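Participant: Sequence:
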Amino acid sequence: MHTTRTLAAAALTLLVAQSAGAQESALDTARAAVRASPGDWHASLALGRALRRAGRYGDSLAELRRGAASMAGRQPEAAIQLHWEEARTFIGQRDFSQAMVSCRVVGAQTGGAAAGHACAAEAHLLWRRATEALTETQQALAGGNKQYDAKVSQGRAFALQLKDADAEAAFREAMTYDPNGADAHMYLGRFLIDTGKTDAGIAELKRAVELDPSGPDAAYELGRALPAGPEAIAALGRATRERPSFLDAWVKLAEVDLAQGRNADARVAAAAALHINAQDAAAHIVVGRVALADGKADDAMNEARAALGILANSAGAKLLMADAYAAKGDIDLALEQYQASYGLDRQNPDTLVHAALACIKANRNTSARAYGTQVTKEFPTWGPGWVALGDALAADHEPAAARAAYDKALQSKGPVDANAVRAKLAALH
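Quick note, the sequence shown lines up with residues 42 to 470 if you use the numbering used here.
Hints are not guaranteed to be accurate.
Calculated cross-link-like contacts (lysine-lysine; reagent style DSS-like; alpha-carbon spacing at most 27 Å) [claimed, not checked]:
#, residue 1, residue 2
1, Lys238, Lys204
2, Lys454, Lys238
3, Lys418, Lys449
Hints in this document: simulated from the structure, not taken from any laboratory.
Since the structure is predicted, the reported quantities are computational estimates derived from the model, not experimental observations.
Start from the sequences, fold in the hints, and give me the full structure.
Facilitator: This is how it looks when you write it as C-alpha coordinates:
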(Lines of atoms letter the chains of each structure in order from A and count residues from 1; the text may use other names and numbers.)
(Lines give C-alpha, C1' and ligand atoms only; values in the text may rest on other atoms or scores of the structure.)
Protein backbone atom coordinates (compact mmCIF):
# COMPACT_ATOMS: atom_id res chain seq x y z
CA MET A 1 0.00 0.00 0.00
CA HIS A 2 2.91 2.33 0.80
CA THR A 3 4.32 1.87 -2.71
CA THR A 4 0.91 2.59 -4.24
CA ARG A 5 0.57 5.78 -2.22
CA THR A 6 4.11 6.86 -3.16
CA LEU A 7 3.46 6.39 -6.87
CA ALA A 8 0.10 8.14 -6.62
CA ALA A 9 1.71 11.03 -4.73
CA ALA A 10 4.34 11.44 -7.46
CA ALA A 11 1.66 11.49 -10.14
CA LEU A 12 -0.39 13.87 -8.02
CA THR A 13 2.48 16.33 -7.70
CA LEU A 14 2.77 16.51 -11.48
CA LEU A 15 -0.98 16.79 -12.05
CA VAL A 16 -1.55 19.50 -9.46
CA ALA A 17 1.37 21.46 -10.90
CA GLN A 18 -0.14 21.18 -14.36
CA SER A 19 -3.58 22.22 -13.09
CA ALA A 20 -2.16 25.15 -11.18
CA GLY A 21 -0.22 26.21 -14.26
CA ALA A 22 -3.33 26.14 -16.41
CA GLN A 23 -5.20 28.23 -13.85
CA GLU A 24 -2.25 30.58 -13.45
CA SER A 25 -2.52 31.78 -17.04
CA ALA A 26 -5.99 33.20 -16.35
CA LEU A 27 -4.84 34.73 -13.08
CA ASP A 28 -1.79 36.22 -14.78
CA THR A 29 -4.08 38.15 -17.11
CA ALA A 30 -6.09 39.49 -14.18
CA ARG A 31 -2.92 40.39 -12.27
CA ALA A 32 -1.52 42.19 -15.28
CA ALA A 33 -4.66 44.33 -15.46
CA VAL A 34 -4.24 45.30 -11.79
CA ARG A 35 -0.58 46.18 -12.32
CA ALA A 36 -1.47 48.28 -15.33
CA SER A 37 -4.22 50.14 -13.45
CA PRO A 38 -3.65 49.69 -9.69
CA GLY A 39 -6.39 52.19 -8.87
CA ASP A 40 -9.04 50.58 -11.08
CA TRP A 41 -11.51 48.83 -8.80
CA HIS A 42 -12.94 46.87 -11.71
CA ALA A 43 -9.53 45.22 -12.23
CA SER A 44 -9.24 44.51 -8.53
CA LEU A 45 -12.73 42.99 -8.50
CA ALA A 46 -11.92 40.79 -11.50
CA LEU A 47 -8.74 39.52 -9.87
CA GLY A 48 -10.47 38.89 -6.55
CA ARG A 49 -13.21 36.95 -8.29
CA ALA A 50 -10.71 34.90 -10.32
CA LEU A 51 -8.79 34.04 -7.16
CA ARG A 52 -11.99 32.97 -5.38
CA ARG A 53 -13.09 30.77 -8.27
CA ALA A 54 -9.64 29.17 -8.25
CA GLY A 55 -10.11 28.34 -4.56
CA ARG A 56 -7.45 30.82 -3.39
CA TYR A 57 -9.62 32.42 -0.76
CA GLY A 58 -6.93 34.13 1.28
CA ASP A 59 -5.44 35.79 -1.80
CA SER A 60 -8.92 36.79 -2.95
CA LEU A 61 -9.72 38.52 0.34
CA ALA A 62 -6.38 40.33 0.32
CA GLU A 63 -6.95 41.72 -3.18
CA LEU A 64 -10.56 42.72 -2.55
CA ARG A 65 -9.62 44.52 0.64
CA ARG A 66 -6.77 46.29 -1.12
CA GLY A 67 -9.18 47.43 -3.80
CA ALA A 68 -11.76 48.58 -1.25
CA ALA A 69 -9.13 50.49 0.74
CA SER A 70 -7.92 52.29 -2.38
CA MET A 71 -11.44 53.64 -2.92
CA ALA A 72 -11.55 55.06 0.62
CA GLY A 73 -15.33 55.49 0.44
CA ARG A 74 -15.24 57.61 -2.69
CA GLN A 75 -17.28 55.28 -4.92
CA PRO A 76 -20.27 53.49 -3.37
CA GLU A 77 -20.66 51.16 -6.37
CA ALA A 78 -17.06 50.01 -5.95
CA ALA A 79 -17.65 49.30 -2.26
CA ILE A 80 -20.85 47.40 -3.06
CA GLN A 81 -19.22 45.14 -5.63
CA LEU A 82 -15.95 44.56 -3.75
CA HIS A 83 -17.59 43.75 -0.43
CA TRP A 84 -20.19 41.55 -2.10
CA GLU A 85 -17.39 39.56 -3.73
CA GLU A 86 -15.72 39.45 -0.32
CA ALA A 87 -18.93 37.92 1.08
CA ARG A 88 -18.88 35.28 -1.68
CA THR A 89 -15.31 34.45 -0.75
CA PHE A 90 -16.36 33.89 2.86
CA ILE A 91 -19.24 31.73 1.59
CA GLY A 92 -16.66 29.70 -0.33
CA GLN A 93 -14.85 29.23 2.99
CA ARG A 94 -18.18 28.30 4.63
CA ASP A 95 -17.90 31.23 7.02
CA PHE A 96 -21.47 32.48 7.37
CA SER A 97 -20.79 35.03 10.09
CA GLN A 98 -18.09 36.89 8.19
CA ALA A 99 -20.13 36.71 4.98
CA MET A 100 -23.01 38.46 6.74
CA VAL A 101 -20.65 41.15 8.03
CA SER A 102 -19.60 41.87 4.45
CA CYS A 103 -23.23 41.86 3.30
CA ARG A 104 -24.10 44.46 5.92
CA VAL A 105 -21.29 46.64 4.58
CA VAL A 106 -22.79 46.24 1.11
CA GLY A 107 -26.23 47.27 2.34
CA ALA A 108 -24.86 50.30 4.17
CA GLN A 109 -23.55 51.92 0.97
CA THR A 110 -25.49 54.61 -0.81
CA GLY A 111 -27.81 52.80 -3.19
CA GLY A 112 -26.74 49.42 -1.81
CA ALA A 113 -29.88 48.30 0.04
CA ALA A 114 -31.10 45.85 -2.62
CA ALA A 115 -27.61 44.45 -3.17
CA GLY A 116 -27.19 44.00 0.59
CA HIS A 117 -30.36 41.92 0.76
CA ALA A 118 -29.34 39.86 -2.29
CA CYS A 119 -25.93 39.29 -0.72
CA ALA A 120 -27.53 38.14 2.57
CA ALA A 121 -29.78 35.73 0.65
CA GLU A 122 -26.71 34.04 -0.83
CA ALA A 123 -25.18 33.78 2.63
CA HIS A 124 -28.30 32.14 4.09
CA LEU A 125 -28.29 29.60 1.27
CA LEU A 126 -24.89 28.42 2.47
CA TRP A 127 -26.78 26.71 5.31
CA ARG A 128 -29.86 25.97 3.16
CA ARG A 129 -31.98 28.49 5.08
CA ALA A 130 -34.71 28.91 2.50
CA THR A 131 -37.11 30.96 4.62
CA GLU A 132 -34.47 33.52 5.58
CA ALA A 133 -33.20 33.68 1.99
CA LEU A 134 -36.68 34.35 0.65
CA THR A 135 -37.17 37.15 3.17
CA GLU A 136 -34.01 38.77 1.84
CA THR A 137 -34.88 38.25 -1.83
CA GLN A 138 -38.33 39.72 -1.29
CA GLN A 139 -36.71 42.93 -0.09
CA ALA A 140 -34.10 42.90 -2.84
CA LEU A 141 -36.79 42.53 -5.52
CA ALA A 142 -39.28 44.95 -3.97
CA GLY A 143 -40.81 47.55 -6.23
CA GLY A 144 -40.20 45.53 -9.38
CA ASN A 145 -36.42 45.67 -8.99
CA LYS A 146 -34.89 43.25 -11.50
CA GLN A 147 -31.98 42.12 -9.34
CA TYR A 148 -30.48 39.11 -11.15
CA ASP A 149 -28.62 37.54 -8.24
CA ALA A 150 -31.61 37.91 -5.93
CA LYS A 151 -33.86 36.20 -8.47
CA VAL A 152 -31.41 33.30 -8.80
CA SER A 153 -31.30 32.98 -5.01
CA GLN A 154 -35.10 33.05 -4.93
CA GLY A 155 -35.17 30.10 -7.32
CA ARG A 156 -32.67 28.20 -5.17
CA ALA A 157 -34.74 28.84 -2.05
CA PHE A 158 -37.97 27.71 -3.72
CA ALA A 159 -36.18 24.54 -4.83
CA LEU A 160 -35.18 23.84 -1.21
CA GLN A 161 -38.84 24.22 -0.22
CA LEU A 162 -39.84 21.78 -3.00
CA LYS A 163 -41.87 24.48 -4.73
CA ASP A 164 -40.89 23.18 -8.14
CA ALA A 165 -43.02 25.42 -10.34
CA ASP A 166 -41.97 28.56 -8.45
CA ALA A 167 -38.31 27.56 -8.57
CA GLU A 168 -38.27 26.98 -12.32
CA ALA A 169 -40.20 30.21 -12.95
CA ALA A 170 -37.71 32.20 -10.85
CA PHE A 171 -34.70 30.81 -12.67
CA ARG A 172 -36.25 31.50 -16.07
CA GLU A 173 -37.22 35.03 -15.06
CA ALA A 174 -33.66 35.65 -13.88
CA MET A 175 -32.48 34.79 -17.39
CA THR A 176 -34.55 37.67 -18.73
CA TYR A 177 -32.82 40.04 -16.30
CA ASP A 178 -29.36 39.03 -17.58
CA PRO A 179 -29.30 36.92 -20.77
CA ASN A 180 -25.54 36.43 -20.38
CA GLY A 181 -25.66 35.28 -16.77
CA ALA A 182 -24.51 31.68 -16.29
CA ASP A 183 -25.74 31.07 -12.72
CA ALA A 184 -29.45 30.92 -13.59
CA HIS A 185 -28.73 28.27 -16.22
CA MET A 186 -26.48 26.33 -13.85
CA TYR A 187 -28.96 26.24 -10.97
CA LEU A 188 -31.88 25.55 -13.30
CA GLY A 189 -29.92 22.70 -14.84
CA ARG A 190 -29.17 21.16 -11.47
CA PHE A 191 -32.80 21.63 -10.40
CA LEU A 192 -34.14 19.96 -13.55
CA ILE A 193 -31.84 16.98 -13.07
CA ASP A 194 -32.86 16.67 -9.41
CA THR A 195 -36.51 16.59 -10.49
CA GLY A 196 -35.98 13.89 -13.10
CA LYS A 197 -35.68 16.05 -16.23
CA THR A 198 -32.16 14.94 -17.03
CA ASP A 199 -31.91 15.86 -20.71
CA ALA A 200 -33.32 19.35 -20.19
CA GLY A 201 -31.03 19.81 -17.19
CA ILE A 202 -27.93 18.83 -19.12
CA ALA A 203 -28.87 21.28 -21.87
CA GLU A 204 -29.05 24.09 -19.31
CA LEU A 205 -25.71 23.10 -17.79
CA LYS A 206 -24.09 23.10 -21.21
CA ARG A 207 -25.45 26.59 -21.76
CA ALA A 208 -24.00 27.67 -18.40
CA VAL A 209 -20.56 26.37 -19.40
CA GLU A 210 -20.88 28.09 -22.78
CA LEU A 211 -21.62 31.40 -21.06
CA ASP A 212 -18.90 30.94 -18.43
CA PRO A 213 -16.14 28.72 -19.87
CA SER A 214 -13.82 29.26 -16.90
CA GLY A 215 -16.48 28.58 -14.27
CA PRO A 216 -15.47 25.50 -12.24
CA ASP A 217 -18.90 25.03 -10.63
CA ALA A 218 -20.85 24.83 -13.89
CA ALA A 219 -18.25 22.46 -15.35
CA TYR A 220 -18.51 20.22 -12.29
CA GLU A 221 -22.30 20.14 -12.38
CA LEU A 222 -22.19 19.21 -16.06
CA GLY A 223 -19.56 16.54 -15.49
CA ARG A 224 -21.50 14.81 -12.75
CA ALA A 225 -24.77 15.00 -14.71
CA LEU A 226 -23.43 13.44 -17.91
CA PRO A 227 -23.17 9.66 -18.29
CA ALA A 228 -19.68 8.31 -17.71
CA GLY A 229 -17.69 8.96 -20.85
CA PRO A 230 -15.25 11.32 -22.57
CA GLU A 231 -17.59 14.33 -22.34
CA ALA A 232 -17.98 13.92 -18.58
CA ILE A 233 -14.23 13.48 -18.17
CA ALA A 234 -13.60 16.66 -20.17
CA ALA A 235 -16.04 18.69 -18.07
CA LEU A 236 -14.64 17.41 -14.77
CA GLY A 237 -11.11 17.95 -16.03
CA ARG A 238 -12.02 21.56 -16.75
CA ALA A 239 -13.42 21.96 -13.24
CA THR A 240 -10.22 20.66 -11.64
CA ARG A 241 -8.02 22.79 -13.87
CA GLU A 242 -9.93 25.95 -13.00
CA ARG A 243 -9.99 25.08 -9.28
CA PRO A 244 -7.22 22.63 -8.41
CA SER A 245 -8.54 22.31 -4.83
CA PHE A 246 -12.02 21.21 -6.01
CA LEU A 247 -12.27 17.98 -4.00
CA ASP A 248 -15.75 16.95 -5.16
CA ALA A 249 -14.69 17.30 -8.79
CA TRP A 250 -11.59 15.14 -8.23
CA VAL A 251 -13.72 12.46 -6.53
CA LYS A 252 -16.23 12.42 -9.37
CA LEU A 253 -13.47 12.42 -11.97
CA ALA A 254 -11.94 9.36 -10.32
CA GLU A 255 -15.33 7.62 -10.32
CA VAL A 256 -15.90 8.36 -14.01
CA ASP A 257 -12.38 7.26 -14.90
CA LEU A 258 -13.00 3.97 -13.08
CA ALA A 259 -16.28 3.47 -14.90
CA GLN A 260 -14.40 3.91 -18.17
CA GLY A 261 -11.67 1.46 -17.19
CA ARG A 262 -9.08 4.24 -16.89
CA ASN A 263 -7.59 2.92 -13.65
CA ALA A 264 -4.31 4.84 -13.88
CA ASP A 265 -6.10 8.16 -14.36
CA ALA A 266 -8.56 7.27 -11.60
CA ARG A 267 -5.66 6.55 -9.26
CA VAL A 268 -4.23 10.03 -9.81
CA ALA A 269 -7.59 11.78 -9.42
CA ALA A 270 -8.37 9.85 -6.23
CA ALA A 271 -4.95 10.67 -4.84
CA ALA A 272 -5.60 14.35 -5.60
CA ALA A 273 -8.82 14.24 -3.59
CA LEU A 274 -7.09 12.63 -0.62
CA HIS A 275 -4.24 15.13 -0.85
CA ILE A 276 -6.69 18.03 -0.68
CA ASN A 277 -8.40 16.70 2.45
CA ALA A 278 -7.31 13.48 4.16
CA GLN A 279 -10.22 13.90 6.59
CA ASP A 280 -12.86 13.61 3.87
CA ALA A 281 -14.73 10.30 3.85
CA ALA A 282 -15.55 10.48 0.12
CA ALA A 283 -11.85 10.84 -0.70
CA HIS A 284 -11.01 7.66 1.20
CA ILE A 285 -13.90 5.81 -0.42
CA VAL A 286 -12.80 6.65 -3.96
CA VAL A 287 -9.18 5.72 -3.14
CA GLY A 288 -10.57 2.42 -1.88
CA ARG A 289 -12.60 1.97 -5.06
CA VAL A 290 -9.44 2.37 -7.12
CA ALA A 291 -7.61 -0.13 -4.91
CA LEU A 292 -10.45 -2.62 -5.37
CA ALA A 293 -10.34 -2.14 -9.14
CA ASP A 294 -6.59 -2.84 -8.95
CA GLY A 295 -7.30 -6.13 -7.14
CA LYS A 296 -6.15 -4.87 -3.73
CA ALA A 297 -9.04 -5.83 -1.49
CA ASP A 298 -7.10 -5.33 1.75
CA ASP A 299 -6.17 -1.76 0.78
CA ALA A 300 -9.82 -1.12 -0.11
CA MET A 301 -10.88 -2.44 3.29
CA ASN A 302 -8.41 -0.12 5.02
CA GLU A 303 -9.82 2.87 3.14
CA ALA A 304 -13.38 1.85 4.05
CA ARG A 305 -12.39 1.71 7.71
CA ALA A 306 -10.70 5.11 7.44
CA ALA A 307 -13.87 6.58 5.92
CA LEU A 308 -16.02 5.08 8.67
CA GLY A 309 -13.66 6.56 11.25
CA ILE A 310 -14.50 9.96 9.78
CA LEU A 311 -18.19 9.36 9.06
CA ALA A 312 -19.57 6.39 10.96
CA ASN A 313 -22.88 6.28 9.07
CA SER A 314 -21.36 6.41 5.59
CA ALA A 315 -23.37 4.16 3.27
CA GLY A 316 -20.63 4.47 0.64
CA ALA A 317 -17.97 3.22 3.06
CA LYS A 318 -20.17 0.29 4.06
CA LEU A 319 -20.70 -0.56 0.39
CA LEU A 320 -16.96 -0.42 -0.25
CA MET A 321 -16.36 -2.70 2.73
CA ALA A 322 -19.00 -5.12 1.44
CA ASP A 323 -17.39 -5.21 -2.00
CA ALA A 324 -13.97 -5.77 -0.42
CA TYR A 325 -15.28 -8.71 1.62
CA ALA A 326 -16.91 -10.11 -1.53
CA ALA A 327 -13.63 -9.80 -3.42
CA LYS A 328 -11.91 -11.75 -0.62
CA GLY A 329 -14.57 -14.45 -0.81
CA ASP A 330 -16.16 -13.65 2.57
CA ILE A 331 -19.75 -13.60 1.29
CA ASP A 332 -21.48 -13.73 4.69
CA LEU A 333 -19.55 -10.71 5.96
CA ALA A 334 -20.15 -9.01 2.62
CA LEU A 335 -23.92 -9.50 2.85
CA GLU A 336 -23.93 -8.09 6.36
CA GLN A 337 -22.28 -4.92 5.08
CA TYR A 338 -24.52 -4.71 2.00
CA GLN A 339 -27.54 -4.75 4.29
CA ALA A 340 -25.98 -2.12 6.54
CA SER A 341 -25.21 0.09 3.55
CA TYR A 342 -28.72 -0.19 2.16
CA GLY A 343 -30.17 0.56 5.57
CA LEU A 344 -28.25 3.85 5.58
CA ASP A 345 -29.18 4.83 2.01
CA ARG A 346 -32.29 3.31 0.47
CA GLN A 347 -32.02 5.60 -2.55
CA ASN A 348 -28.97 3.83 -3.95
CA PRO A 349 -29.81 0.82 -6.17
CA ASP A 350 -26.12 -0.01 -6.59
CA THR A 351 -26.04 -1.64 -3.15
CA LEU A 352 -28.63 -4.23 -4.17
CA VAL A 353 -27.01 -4.71 -7.58
CA HIS A 354 -23.61 -5.33 -6.01
CA ALA A 355 -25.14 -7.74 -3.50
CA ALA A 356 -26.81 -9.72 -6.29
CA LEU A 357 -23.61 -9.97 -8.31
CA ALA A 358 -21.59 -10.96 -5.23
CA CYS A 359 -24.07 -13.76 -4.52
CA ILE A 360 -23.82 -15.02 -8.10
CA LYS A 361 -20.04 -15.14 -7.80
CA ALA A 362 -20.38 -17.08 -4.52
CA ASN A 363 -22.91 -19.51 -6.05
CA ARG A 364 -25.67 -18.20 -3.78
CA ASN A 365 -28.22 -18.21 -6.59
CA THR A 366 -31.31 -18.00 -4.40
CA SER A 367 -29.97 -14.93 -2.61
CA ALA A 368 -28.83 -13.42 -5.90
CA ARG A 369 -32.32 -13.81 -7.31
CA ALA A 370 -33.83 -12.24 -4.19
CA TYR A 371 -31.58 -9.18 -4.43
CA GLY A 372 -32.20 -8.89 -8.17
CA THR A 373 -35.95 -9.07 -7.64
CA GLN A 374 -35.79 -6.48 -4.87
CA VAL A 375 -33.79 -3.96 -6.91
CA THR A 376 -36.11 -4.24 -9.92
CA LYS A 377 -39.17 -3.78 -7.72
CA GLU A 378 -37.81 -0.79 -5.84
CA PHE A 379 -36.02 0.77 -8.84
CA PRO A 380 -38.02 -0.46 -11.86
CA THR A 381 -36.35 1.89 -14.36
CA TRP A 382 -32.76 1.15 -13.29
CA GLY A 383 -31.11 -0.85 -16.05
CA PRO A 384 -28.21 -2.32 -14.01
CA GLY A 385 -30.78 -3.86 -11.67
CA TRP A 386 -32.42 -5.71 -14.55
CA VAL A 387 -29.01 -6.90 -15.74
CA ALA A 388 -28.27 -8.27 -12.25
CA LEU A 389 -31.64 -10.03 -12.14
CA GLY A 390 -31.01 -11.46 -15.61
CA ASP A 391 -27.61 -12.74 -14.48
CA ALA A 392 -29.18 -14.34 -11.39
CA LEU A 393 -31.89 -16.02 -13.44
CA ALA A 394 -29.38 -17.24 -16.01
CA ALA A 395 -27.24 -18.69 -13.23
CA ASP A 396 -30.38 -20.40 -11.88
CA HIS A 397 -30.99 -21.95 -15.34
CA GLU A 398 -34.11 -19.96 -16.19
CA PRO A 399 -33.31 -18.69 -19.70
CA ALA A 400 -36.79 -17.41 -20.59
CA ALA A 401 -37.04 -15.28 -17.45
CA ALA A 402 -33.43 -14.12 -17.89
CA ARG A 403 -34.19 -13.07 -21.47
CA ALA A 404 -37.12 -10.97 -20.28
CA ALA A 405 -34.91 -9.28 -17.67
CA TYR A 406 -32.17 -8.52 -20.19
CA ASP A 407 -34.72 -7.12 -22.64
CA LYS A 408 -36.01 -4.88 -19.88
CA ALA A 409 -32.46 -3.72 -19.11
CA LEU A 410 -32.03 -2.53 -22.69
CA GLN A 411 -35.15 -0.37 -22.34
CA SER A 412 -34.23 1.11 -18.95
CA LYS A 413 -32.09 3.94 -17.61
CA GLY A 414 -28.65 3.93 -16.12
CA PRO A 415 -25.18 2.74 -17.16
CA VAL A 416 -25.90 -0.43 -19.13
CA ASP A 417 -23.40 -1.91 -21.57
CA ALA A 418 -25.86 -2.72 -24.35
CA ASN A 419 -23.37 -4.81 -26.32
CA ALA A 420 -22.58 -6.92 -23.26
CA VAL A 421 -26.29 -7.47 -22.58
CA ARG A 422 -26.89 -8.51 -26.19
CA ALA A 423 -24.03 -10.98 -25.88
CA LYS A 424 -25.67 -12.42 -22.77
CA LEU A 425 -28.94 -12.74 -24.66
CA ALA A 426 -27.19 -14.55 -27.48
CA ALA A 427 -25.59 -16.96 -25.00
CA LEU A 428 -28.93 -18.03 -23.48
CA HIS A 429 -30.17 -21.48 -24.46
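Participant: None of the hints should be skipped; say for each whether it holds.
Facilitator: Tested hints:
1. Lys238 x Lys204: Holds. Lys238 to Lys204 sits at ~16 Å (cutoff 27 Å).
2. Lys454 x Lys238: holds (13 Å)
3. Lys418 x Lys449: Roughly 13 Å between the alpha carbons, so the hint for Lys418 and Lys449 holds.
The structure meets every hint from the earlier list without exception.
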